[in-house]
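Read off the chains here:
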Amino acid sequence: MDDHLILRVGAKILIPFILIFALYVQFHGDYGPGGGFQAGVIFAAGFVLYALVFGLGPTKRVLPPKVAYVCGALGVVIFAGVGFATVALGGNYLDYDVLAHEPAEGQHLGILGVELGVLVTVFGVMVALFYAFAARRRIDS
Amino acid sequence: MIEVVDVALLVLLAVTGVAIIRMRNLFGAVMLAGIYSLLSAGLFVVMDAVDVAFTEAAVGAGISTVLMLGTLALVGHEERTPQHRPVLPLFVVLVTGGILVYGTFDIPPFGDPDNPIHHHVADHYLEESEHEIHIPNVVTSVLASYRGYDTMGETAVIFTAMVGVLLLLARGPLPRRVLHEGRWITVRPGTTREELEAELEEETAGAPPDEAADGSGREGARG
Numbered sequence: 001m002d003d004h005l006i007l008r009v010g011a012k013i014l015i016p017f018i019l020i021f022a023l024y025v026q027f028h029g030d031y032g033p034g035g036g037f038q039a040g041v042i043f044a045a046g047f048v049l050y051a052l053v054f055g056l057g058p059t060k061r062v063l064p065p066k067v068a069y070v071c072g073a074l075g076v077v078i079f080a081g082v083g084f085a086t087v088a089l090g091g092n093y094l095d096y097d098v099l100a101h102e103p104a105e106g107q108h109l110g111i112l113g114v115e116l117g118v119l120v121t122v123f124g125v126m127v128a129l130f131y132a133f134a135a136r137r138r139i140d141s
Numbered sequence: 142m143i144e145v146v147d148v149a150l151l152v153l154l155a156v157t158g159v160a161i162i163r164m165r166n167l168f169g170a171v172m173l174a175g176i177y178s179l180l181s182a183g184l185f186v187v188m189d190a191v192d193v194a195f196t197e198a199a200v201g202a203g204i205s206t207v208l209m210l211g212t213l214a215l216v217g218h219e220e221r222t223p224q225h226r227p228v229l230p231l232f233v234v235l236v237t238g239g240i241l242v243y244g245t246f247d248i249p250p251f252g253d254p255d256n257p258i259h260h261h262v263a264d265h266y267l268e269e270s271e272h273e274i275h276i277p278n279v280v281t282s283v284l285a286s287y288r289g290y291d292t293m294g295e296t297a298v299i300f301t302a303m304v305g306v307l308l309l310l311a312r313g314p315l316p317r318r319v320l321h322e323g324r325w326i327t328v329r330p331g332t333t334r335e336e337l338e339a340e341l342e343e344e345t346a347g348a349p350p351d352e353a354a355d356g357s358g359r360e361g362a363r364g
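Each protein sequence line maps, in turn, to chains A and B. Going by the working numbering, the first residue of the first sequence is number 1, and it counts up by one from there. Going by the working numbering, the first residue of the second sequence is number 142, and it counts up by one from there.
So here's chain B without its partners, still in its complex pose (with noise of 0.2 Å):
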């Protein structure tokens, strides 16, 4: 029965990817990419890796998607015709591919209980952690108590993440400090040099003390 399951998960996964391969229209691919995590879930679920199922589920299905869409929304919905022949790509990929099916040869048999992954130190966790740690899932046991380091670097990796978007994307070009007829004034990104002139021109013409002050303090939330 299980085989049944394993075999429809995995043609659903082969027909999704085929079909994200075609499609030119993104916002299909995107939901499509979603749906190929979900089914990646599923596997993982068969598998008896539920937290793994969990994860991929939340962030891969949900989380990933709704990015992708917003990317989507600044980049348009339609993929462009490539102009270049997709010889070459389809060259590299062949082989790259060739050389991780020749790997996997030398690997152990997939699910046989005497892999060496199996013995190094999954034995003792399995084990011992009841007795050590004294939490039924083992795998939170691996995670934050024997694995704590990783564990803390994941999350380190997962705050620099953050760190690198927001430095790319999040604020957009700063204001920049200019010396201009011997003192230090700001400008907003994106004037042009003949605005900042006028801007000036108006503000030493005199006007009225009230209205300049209006106008910085304008100026000062817009930027």
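So that you can see chain A by itself, here it is in the shape it has in the complex (with noise of 0.2 Å):
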């Protein structure tokens, strides 16, 4: 894609605006529509949109494949250890009322928490499963 000149400018405009509006989409999602699920998604989207630009080689360099698996593992950890903070401050598990020391506060930071934890998920598992799909080649030929 090296004679794309203006599909090449375009998405270098447009992929910092997609990964703001995922992260708008993030901590927006209290008050609006979306959370973790659609933000995560969108944020791969950005990158995947590099990767069908610029190619997987320099896409690679800059979010090894290695990190989309940590973070397809991370958010799950984040998501269960949020839990595990409500048992250990002497609550119910994923209980966010003890998290703080008013229970909307807890509410609040808990929900943050978890949807944080899904985002790291998907956005992990949404670029690793492009990278398995798009690095493999034509067998048959």
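FYI, nobody ran anything at the bench for these hints, they're computed from the structure. These figures come from a predicted structure and were not determined experimentally. The reader is advised that the hints may include incorrect statements.
Unchecked claim - To be clear about the criterion: a stretch of chain A counts as covered by chain B if any three or more of its residues have a C-beta under 8 Å from a C-beta of chain B, and this derived list gives those stretches:
#, segment
1, 28-35
2, 53-64
3, 78-92
4, 106-119
What the hints assert, rightly or not - DEER-style ranges, computed between Cβ atoms:
#, chain 1, residue 1, chain 2, residue 2, range
5, B, 219, A, 89, 55 to 65 Å
6, A, 62, B, 222, 57 to 67 Å
7, A, 14, B, 205, 26 to 36 Å
8, A, 5, B, 218, 44 to 54 Å
9, B, 310, A, 61, 15 to 25 Å
Ideal Cβ positions, reconstructed from N, Cα and C, are used throughout, including at glycine.
Using the hints, build the complex out of the two chains.
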């Protein structure tokens, strides 16, 4: 894709906005549509766009597959970790009320935590799946 | 007015569905599948399910399409004409469809506010979540707090999907360790027996140590 100047410049302009929009979707999920799932997919879409325009090699230098794999697992750990934190503070598993002095504050913190876990897992998995599919070569020809 | 939008979206959905079935060019079919997802997302917006619409647009129309295109790069763009006649599949589809339509006679009327689904826990969520969770978006309250266990399960499912795909696709054949004349050697995948023997021959024939070290280094990089 070396000669597609418009695509390259267009993608370069778009990608930062895609990533920022993903973060907006993530942190605005309490007030409007959105949340970890959507934000994770959109964040991954930014990297997929980069890979489609600039190739798989440069993308893997920006975001090595290992990082994506670790993200995929780390998010589940964050989610489950919030649950264990609530248990350690004397509540039930994933009962966020105990995370802060006020139950309302605790709910905010807990939801922020688990949504972060969802974001990290979905982002990692989407990028890992894309790498797995895109890195295959045709076998029969 | 909203009925016009509904009908237009549903007609376009049906047209897209039929077009996907009739199309032999897989590239076009994948693009139409993306459009199908986008139309469904529009339909979800009309039904006020904006969170679902968001997910459908991002996953269905976005990432899935890219993954399908990645698959097409491997399998080619044209669907082969099937060898068999589609009588049995048609029969199975008609029977299954008939059973499903028969099943819909028993479900409560669409959009009726008195349906049981709207009065099991939904009332509590809608009325109390503002005081219990203190965030305006009830969908997020249900997803992340009331139904936190389910969402954790979903996250684990997504992680499991990654593990499955990586096990199947990402690594390719691994190098094997085989016992050869009393010592273990590493064999790259795809090496034939003759190639391997020639390689070992070369190694034992007393090649200059520098060159041998060079060769093994390159092998390591390739493996």
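- Message: When the structure is checked against the list of hints, which entries are broken? Sort them ascending.
- Response: The structure conflicts with hints 2, 6, 7 and 8, although it agrees with all the remaining ones.
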